[in-house]
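Guided by the hints, dock chain B onto chain A, whose structure is given.
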Amino acid sequence: MLFFKECKKILCSLTFVLYVVVVFVMYGSQFVPALESPVAVPQVGEDYYGTTETDRPEVVMPAAVESLVSEYLEGSYDAYPVGFYKQVKLKEKDTVKMAAIIEELTGLSKEELDGFEGYEMGGLFGGRDENGNEIMYYKEPVLPGYELSETVSYERFRELMRQVDDIIGGGSKYKEETLLSYFGTVEKTYEEALEDYNELMTGDNLPESYLRLFSDYAGIDLAIIPVFVCVALWQLDKRSRMEALVYSRKISSLKLLLARYGALVCCMAVPVLLTLLHAVIEIAWLYPAMEISFSSAVGVTLLWLLPSITVVTALGAVLTEAVSPLLAIFAQGAWWFLALESSDLVGDITRFCLIVRHNSMGRIATFETQWENFVWNRCFYVGLSAVLFLLAVLVYEWKRRGRLTGLVFGKGQSRKEGDDENGTL
Amino acid sequence: MRMERYRKIIWENLRHFFLLPFLTATGIFLVTALMFNLSALSEREAAKPIEFFLSFVGVMLLTPVFYPEQNQELRDVISSKRTSYLVVCALRVVCSVAAAAVLVTLFAGLLKWNESAVTNAHSYGGLATAVFLGAIGFCVAGITDNTTLGYMAAVLYYLLNYGMKDRLGKFYLFSMSAGRFEGKEWLFLGALVLIAGTFAVLFFRRKRWGY
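Just so you know, the sequences run in chain order A and B. Each step along the first sequence adds one to the number in this note's numbering, with nothing skipped, and position 327 is 327. Each step along the second sequence adds one to the number in this note's numbering, with nothing skipped, and position 149 is 149.
Extracted from the complex, chain B is given alone in its bound form:
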């Protein structure tokens, strides 16, 4: 019964809210594929389009998770339903991460097809980068209740990587392009903390103040 309800929620979300974020993420995928040379790249060169541009699919998919209910009245209606609003958002996060995984894997496949030196580390690292960047946007958008701020925070963190480079340590986004293919699990862990932390803040805020 519960699973049936979740399936319905996912379906309705895919129909109404997911389309535009997914189309923009697909736009990023296509622009990256058309803009960059994909053939006969070395491991490091193949990581560049993935880390520098494709990582924005995470921002486009995860940041707008709270966007449909930015309107307080709409959120009030949703809150009156049997399924918790946060469960709906969690299902959206799962859909977004799955879509990001599909796009990153497809891109890695495209590189492989063009005889570039792509390994599993590219897919794994690319997804970690995309999800971490998206999680920053998700966290800021959720806590401030302002999706635009979420996008802004993700872009600013991206810019910070240009300026600070290795000084960001394990959370440096472009490490594969610099030749280091290990350590991307820290980005996954960071994303997990950001997403779980956002849900925790929203849960206590709703419990305490009712919004």
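Only chain A is shown next, with the shape it has when bound in the complex:
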């Protein structure tokens, strides 16, 4: 009964209406375009079949080493430790370590590298042709001559790249997770494109791929927007001066907050489930000839998205209860921003990042290799939600018994009231 009362309060609130609008708009603008037409079969003779990552040493090693030597000669290394560009300049002892790694890979000594004076940066440059039109052109870097060491195995090379990333301070191009996307990206052949298409059309891969993309987009807004709905409901008692009245009721704090928290999670899950239902129907219509089973895909989607709602709601609840709604919004905003900026679009599912991303219809093998991290991550956030919720119950119980009065809220409130009595304003 209490649960439904709380649901009614949530459904009638303006913050929830805005939440629904955000969920629908994000779904409509980001995911729905992927449902406009079925995935096209690759045709022989097309100019471009997309790109793929390869783990072939003969592709990855020369490209990575060339980049490393260029950055050494420039004296700075590009990095994205939290998603934003950082130009790292190394201290002398780290430069020595870096030179030793380059020497192992190329045979170039530190003296040879430091003494080289003809370095010119490579890459894409803008300019004008003889008619004055703007053009882009690619220029090879000018580097000292070297040969890749034949004694360095691919495993040793990967190990050295990990060391390079550590020296730079993390988030560099040489990081384990992004090494292939920077240095192993090659154009797909027709055969590879056809193979990828056939894999996508096999078994449950098609619905799973679609719903992975759905979850990727929905996961971004579900990692921030629930906090507003939660904060608005959580301070309703205080706003309507009902706190003391509710405190005096017989119902236990656990039961009361469980009803409130459960109502929040259920109400906020409904719009997500509606968009999911729409996506499932659209996918089934898009491929009428195929027999598609959605059971496992829908299961993965729920495992992907529900922990985001539960943990964001629980954090909002405990911070609003213990300190202030302002702090809850600030903390969640900062957490969301850091999570969003520190996760790559594909292939970067870690155990603790709030936002899980796989922004691709393909790359099925990449997701499968990270399945263990994915399950760990989502289970961790379910556990964290439970801990945070119990903490909120504890704080509520303390406030109810008057043990927190004067520590967080009471002191400030009595001061304000005192000031009004003084007639200061």
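Treat the hints with care, as some may be off.
[Said to hold, decoys possible] Taking CB as the label site, the calculated pair distances span:
1. A/L254 - B/I10: 26 to 32 Å
2. B/A40 - A/F125: 19 to 25 Å
3. A/V32 - B/K170: 42 to 48 Å
4. A/G28 - B/L192: 30 to 36 Å
5. A/V96 - B/R44: 31 to 37 Å
6. B/S84 - A/L245: 30 to 36 Å
7. B/E185 - A/L14: 28 to 34 Å
[Unchecked claim] Reference listing, derived: stretches of chain A covered by chain B, where coverage requires no fewer than 3 residues with Cβ under 8 Å from a Cβ of chain B:
8. 10-22
9. 330-344
10. 355-361
Because the hints were derived from the structure by calculation, they are not lab data. Even for Gly, the Cβ is constructed at its ideal location relative to N, Cα and C.
Here is chain B on its own, set in the frame of chain A:
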């Protein structure tokens, strides 16, 4: 006499209501300074931490201006005082904008100290972005009488900038990061319209319906 009263109001506000918003804004300042590389950045790179993260100091400072009186009874008490409630709120806005200016200028100074290519446009543009984003929160919070909605509106406008980019025209928040350092006065103007519009709505609402 009046100035003395205003000085007292500002002092009491700073003591009781301003501390938490200012601490969270300072938190954003510190997180931005610790999280981003500040040394030897180009003009465009230096604009990124200012526009993408530091701009939230405006939201933290301006959105909660009406928060202390969200409780109707408390507002009734305040309304009975000699100084108009809206004047109190206007003084709070002045304090918040001044605090935002201090934090943005300090951050620009920090960038300069770290040999980044910072110009006055960074401080001016950064403050304009912060105040405009904060003014959105202020406006929604004031008109709906719900501070949470104010925060939500500001965050949604921020997200909209990620998605719509240049299509927001003069009100695109991240223009300096895209290499355009002119046109930030539109954000100031927008903020002014939002703040003045909110006061106008509240003034007529109080006059007509008494709340």
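Here's how the hints hold up against the structure:
At roughly 44 Å, the beta carbons of A/L254 and B/I10 sit outside the given window of 26 to 32 Å. Evaluation of the 19 to 25 Å hint for B/A40 and A/F125 yields a pass: the beta carbon distance comes to about 22 Å. At about 29 Å, the CB distance of A/V32 to B/K170 disagrees with the hint of 42 to 48 Å. Against the hinted window of 30 to 36 Å, the Cβ-Cβ separation of A/G28 and B/L192 comes to about 33 Å, which satisfies the hint.
Separated by about 32 Å at the C-beta atoms, A/V96 and B/R44 satisfy the suggested range of 31 to 37 Å. A C-beta distance of roughly 33 Å is found between B/S84 and A/L245, which places it inside the suggested range of 30 to 36 Å. At roughly 32 Å, the beta-carbon separation of B/E185 and A/L14 lies within the given 28 to 34 Å, and the hint holds. With a cut-off of 8 Å between beta carbons, the region 10-22 of chain A has 4 residues touching chain B; three or more are needed, and the interface restraint holds.
Coverage of the region 330-344 of chain A by chain B holds [criterion: at least 3 residues with CB-CB distance below 8 Å; count 5]. Counting residues of the region 355-361 of chain A whose beta carbon lies closer than 8 Å to any beta carbon of chain B gives 0, which falls below the threshold of three, so the coverage claim is violated.
Consistency note: the structure conflicts with the earlier hints numbered 1, 3 and 10.
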